[in-house]
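A.B. asks: Here's the letter readout for the chains.
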Amino acid sequence: MDDREVRIIEIKKSVYENNDREAERLRGELREKGVFLINLMSSPGAGKTTTLIATINALKDRYRIGVMEADIDSDVDAKRIASTGVTSIQLHTGGMCHLDAGMTRQGLEEIGYEGFDLIFLENVGNLVCPAEFDTGASANAMILSVPEGDDKPLKYPLMFSICDMVLINKTDVIPYFDFDLDRCREGIAMRNDHASVIPICAKTGEGIDLWTAWISEQIEAWKN
Amino acid sequence: MHELGVVFHIIDQVEEVAKDNDVSSVSKIILQLGEVSTVIPEYLTDCFVWARAKHELIREAELEIETIPAITRCGGCGRTYGTVKYGKICPYCGSDRTWLEQGSEFMIKEIEAV
Chain S
1 MDDREVRIIE IKKSVYENND REAERLRGEL REKGVFLINL MSSPGAGKTT TLIATINALK
61 DRYRIGVMEA DIDSDVDAKR IASTGVTSIQ LHTGGMCHLD AGMTRQGLEE IGYEGFDLIF
121 LENVGNLVCP AEFDTGASAN AMILSVPEGD DKPLKYPLMF SICDMVLINK TDVIPYFDFD
181 LDRCREGIAM RNDHASVIPI CAKTGEGIDL WTAWISEQIE AWKN
Chain F
1 MHELGVVFHI IDQVEEVAKD NDVSSVSKII LQLGEVSTVI PEYLTDCFVW ARAKHELIRE
61 AELEIETIPA ITRCGGCGRT YGTVKYGKIC PYCGSDRTWL EQGSEFMIKE IEAV
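Chains S and F, in that order, give the protein sequences. Read in the numbering used here, the first sequence has 1 at position 1, and its numbers run on one by one without any break. Read in the numbering used here, the second sequence has 79 at position 79, and its numbers run on one by one without any break.
Only chain S is shown next, with the shape it has when bound in the complex (with noise of 0.2 angstroms):
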């Protein structure tokens, strides 16, 4: 037998407690530098790409702004927005399934963060993970697209739960889904009471408006 002696040394802390902290440093120079970042998650293929072109092109001309792709593989989606003229950068996780705030950190400095109004975060593709870590960003914002139902609310209830605002995406094929949009709301809003939610059509434009004029609400208010 061993007769070595143990050591118990309690430490009694949550997992994710060093990363809420280095979070909530990030958010406060952000805030201190009127940086507004948003983190914006969704499924793979709901449409992160196109929402950030138009909303890009709907903005631009107000506000410097610049976009961090974060995707395990390939810079598919930073040659994309590179096509809107702002200034992307892509990040590489390496494999993981989220960004935490440490890796956003070291995003916002790869780019110089200071200099821009406002700047997206497209995360990993992935409902589940990204829930989990706090970024550091100033606004937690999502994409649910049409196909994938709406009952997602319901599935993932986390993420709804974390979000500031929700952007119901590919309204233009509600007529061929199953998908109730009041179904989806009333989901949403059991999750989540604070959460905005604005149908969107990234390809026609529709409702990509009402989300500008948030943003734009949202970055005085934290520029105040």
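By construction, these hints were calculated from the structure, which means they are not laboratory data. Yeah, the Cβ is synthetic: ideal placement off N, Cα and C, and Gly gets one too. One or more of the hints may lead you astray.
A partial selection of chain F residues facing chain S, derived with a Cβ cut-off under 7 angstroms [to be verified]:
(1) H2
(2) V6
(3) I10
(4) V17
(5) N21
(6) T80
(7) V84
(8) D96
(9) G103
(10) M107
(11) I108
(12) E110
(13) A113
(14) V114
In silico DSS-like pairs for lysine-lysine, Cα to Cα no more than 27 angstroms straight-line [said to hold, decoys possible]:
(15) K12/S with K54/F
(16) K88/F with K54/F
(17) K155/S with K19/F
Computed spacing ranges between beta-carbons, pair by pair [to be verified]:
(18) V84/F with D182/S: 24 to 34 angstroms
(19) E64/F with G205/S: 47 to 57 angstroms
(20) S196/S with G87/F: 32 to 42 angstroms
(21) P69/F with T204/S: 45 to 55 angstroms
We have chain S already, so just place chain F on it with the hints.
C.D. replies: Then chain F, alone, in the frame of chain S:
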């Protein structure tokens, strides 16, 4: 789904604590994991086993996971029920004014060092 990511967070914290307490080898790490924390214990253990080989401090460490049951309280009738079985809607009165009382925890409880 993000078990590997959280394993790195756990290792970082354990390394911090070990340094503060002059520990050179950890023999056991005890976690507390809520039933609805979205972390799957089996995957977590697999990721841990993979990652520990790369860290001298925890190379010999065993991972023990204590489960915290998920319990939801109903604001309608005041009763509590098992979250995993019934979800958001109270099985007693049908109310959806319910909130999770426990079960989303993910804590490092303690470590054992030799």
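A.B. asks: Taking the hints in turn, state whether each one holds.
C.D. replies: Results of checking the hints against the structure:
| no. | hint | in the structure |
| --- | --- | --- |
| 1 | H2 | holds (4 angstroms) |
| 2 | V6 | holds (6 angstroms) |
| 3 | I10 | holds (6 angstroms) |
| 4 | V17 | holds (6 angstroms) |
| 5 | N21 | holds (5 angstroms) |
| 6 | T80 | violated (18 angstroms) |
| 7 | V84 | violated (13 angstroms) |
| 8 | D96 | holds (6 angstroms) |
| 9 | G103 | violated (12 angstroms) |
| 10 | M107 | holds (6 angstroms) |
| 11 | I108 | holds (5 angstroms) |
| 12 | E110 | holds (5 angstroms) |
| 13 | A113 | holds (5 angstroms) |
| 14 | V114 | holds (5 angstroms) |
| 15 | K12/S with K54/F | holds (25 angstroms) |
| 16 | K88/F with K54/F | violated (41 angstroms) |
| 17 | K155/S with K19/F | violated (41 angstroms) |
| 18 | V84/F with D182/S: 24 to 34 angstroms | holds (28 angstroms) |
| 19 | E64/F with G205/S: 47 to 57 angstroms | holds (55 angstroms) |
| 20 | S196/S with G87/F: 32 to 42 angstroms | violated (25 angstroms) |
| 21 | P69/F with T204/S: 45 to 55 angstroms | holds (48 angstroms) |
Going through the hint list in order, the structure does not satisfy hints 6, 7, 9, 16, 17, 20.
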